Amino acid sequence: MYRFITDVCESYMETIEPATKIIDFIQSSDNRKKMMYTCAGMLYKEGFEELLDSKRDVIGMKSGVYNFTEDRFRMMELDDYITLSTRISFVPLDYNSEATNEVLDLLAKVFSNEDIRRYFMRFISSCLEGRNTNKIFSIWSGSGDNRKTIMVSLIEQVFGDYAIKMPTSLLMEKRV
17 MYRFITDVCE SYMETIEPAT KIIDFIQSSD NRKKMMYTCA GMLYKEGFEE LLDSKRDVIG
77 MKSGVYNFTE DRFRMMELDD YITLSTRISF VPLDYNSEAT NEVLDLLAKV FSNEDIRRYF
137 MRFISSCLEG RNTNKIFSIW SGSGDNRKTI MVSLIEQVFG DYAIKMPTSL LMEKRV
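Taking my numbering, the leading residue of the sequence shown gets 17, the next gets one more, and so forth.
Quick caveat, the hints were computed from the structure, so don't treat them as lab data. Check the hints yourself; a few may be wrong.
Unchecked claim - Taking lysine to aspartate or glutamate pairs in the EDC-like style, the calculated list, with each CA pair at most 20 Å apart, reads: (1) K151 with E93; (2) K61 with D95; (3) K78 with E172; (4) K164 with E130; (5) K61 with E93; (6) K78 with D161; (7) K78 with E145; (8) K125 with E93; (9) K71 with D177; (10) K164 with D131; (11) K181 with E93; (12) K164 with E118; (13) K71 with D46.
Stated by the list, open to error - Derived Cβ-Cβ restraints for the label pairs, each shown as a range: (14) Q43 with L109: 49 to 59 Å; (15) N117 with K78: 36 to 46 Å; (16) I104 with R133: 36 to 46 Å; (17) G146 with I39: 38 to 48 Å; (18) E145 with S185: 25 to 35 Å; (19) Q43 with S185: 49 to 59 Å; (20) G158 with N117: 44 to 54 Å; (21) P108 with E172: 21 to 31 Å; (22) I42 with F136: 53 to 63 Å; (23) K50 with S142: 43 to 53 Å; (24) Y28 with R72: 25 to 35 Å; (25) F106 with R133: 21 to 31 Å; (26) G158 with I42: 57 to 67 Å; (27) Y28 with G146: 47 to 57 Å.
These numbers were taken from a predicted model, which means no experiment stands behind them. We put the CB at the ideal spot given by N, CA and C, even for glycine.
Turn these sequences into a full structure, and let the hints guide you.
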């Protein structure tokens with residue numbers, strides 16, 4: 017038993033010694049500055065900010081990326097430059113799943129007219145692609161029954177970081 021404990025301690029020391037040297041090295045502010053300068057030089061990319069979230073055919077998800085051009089889900093790649101996420105994991109569409117049926121039931125309650133429901137689903141689906149191919153600017157108006165709020169909430173949950181709720185004050189003038 018003694019030999020086993022000694023072997024474990026020696027193994028631990030072999031692992032801890034390099035880590036201790038690194039910790040000692042970065043204790044010095046001069047060394048930290050040198051490391052930051054070196055890393056900045058290695059990692060700098062001209063026009064990097066413009067690359068962020070510029071690919072309109074991919075959408076970031078919790079578990080990877082969905083590519084609309086290729087119509088497939090995949091792991092994120094370095095050159096995707098995605099900072100936004102839906103914050104939900106990709107789940108292949110299954111019309112027999114409980115979640116799918118709950119959403120379809122909700123949509124049927126909110127949009128009792130099947131043509132309007134299909135239009136809404138196509139419109140919202142087109143928003144996922146990051147383009148406005150159909151050149152639609154949608155304004156939801158009307159009074160009562162909370163349906164617009166329910167749909168906005170659903171969209172915010174599905175789109176995550178991609179959903180931006182615009183304040184009505186941007187469209188309305190102040191009344192004097």
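Taking the numbered hints from earlier one at a time, note which ones the structure violates and give those numbers from smallest to largest. Of the numbered hints given earlier, those the structure breaks are 1, 6, 8, 11, 13, 15, 16, 20, 24, listed in rising order.
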